[in-house]
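> Those sequence lines, one after another, are chains L and X. Numbering follows the working numbering, with no gaps: position 1 of the first sequence is 1. Numbering follows the working numbering, with no gaps: position 60 of the second sequence is 60.
One or more hints might be untrue.
[To be verified] Using 27 Å as the maximum straight-line C-alpha spacing, the simulated DSSO-like pairs for lysine-lysine come out as follows:
#1 L:3 <-> X:9
#2 X:57 <-> X:9
#3 L:109 <-> X:9
#4 L:52 <-> L:109
#5 L:109 <-> L:3
#6 L:3 <-> L:52
If you're looking for bench data, these hints aren't it; they were derived computationally from the structure.
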Amino acid sequence: DAKTTQPPSMDCAEGRAANLPCNHSTISGNEYVYWYRQIHSQGPQYIIHGLKNNETNEMASLIITEDRKSSTLILPHATLRDTAVYYCIVRVADKGSGYQKVTFGTGTKLQVIP
Amino acid sequence: DSGVTQTPKHLITATGQRVTLRCSPRSGDLSVYWYQQSLDQGLQFLIQYYNGEERAKGNILERFSAQQFPDLHSELNLSSLELGDSALYFCASSVGSRNEQFFGPGTRLTVL
Chain L
1 DAKTTQPPSM DCAEGRAANL PCNHSTISGN EYVYWYRQIH SQGPQYIIHG LKNNETNEMA
61 SLIITEDRKS STLILPHATL RDTAVYYCIV RVADKGSGYQ KVTFGTGTKL QVIP
Chain X
1 DSGVTQTPKH LITATGQRVT LRCSPRSGDL SVYWYQQSLD QGLQFLIQYY NGEERAKGNI
61 LERFSAQQFP DLHSELNLSS LELGDSALYF CASSVGSRNE QFFGPGTRLT VL
């Protein structure tokens, strides 16, 4: 898996958009960008993933640069419940049964401030 | 609720002992992953199984072992426990080997 780089921490005002960056300059052509978050010692929660097009779901939007070397997770209207550690990982995604070692890294600790 | 269950929720034991952590994946998921998270540390990947077979190995100690049974539940066995083994242990499951993972609530292991 390609390595990712994320800022260790960020603050965001409640109600504002939270933009979390991730660098993955060594990403391969068949690797997707995945985002997870972990709220205070709970099990990590899947948020979104994408290959090269921007993606949106009910939780967030994912913007991937054209060269795919970086991406941004956007929480459009951050709430206090969005305070968590956000992990960006890159990995191959298909329904195969092959070898897949997943590395989560240390993520970005997002603090939403009232 | 992710659909992944882990038991027990908490476990307190002494150094040198052996424990077994259990994970039941989401219905239909063939792949199970185990992770260790020590205090203020990131998630460390331990091992992955797919349909009963070991598929990937991470930083898993020789004192630790795992298996996935025919009904797809998985167990992580930790032996000769040391103080440093105290951590949260998470299990995750996914449909295939390379899809998004759904995590259980974790087992908090305390070694005294």
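> All hints, please: hold or fail.
Status of each hint after checking the structure:
{"no.": "1", "hint": "L:3 <-> X:9", "result": "32 Å, violated"}
{"no.": "2", "hint": "X:57 <-> X:9", "result": "24 Å, holds"}
{"no.": "3", "hint": "L:109 <-> X:9", "result": "25 Å, holds"}
{"no.": "4", "hint": "L:52 <-> L:109", "result": "25 Å, holds"}
{"no.": "5", "hint": "L:109 <-> L:3", "result": "18 Å, holds"}
{"no.": "6", "hint": "L:3 <-> L:52", "result": "17 Å, holds"}
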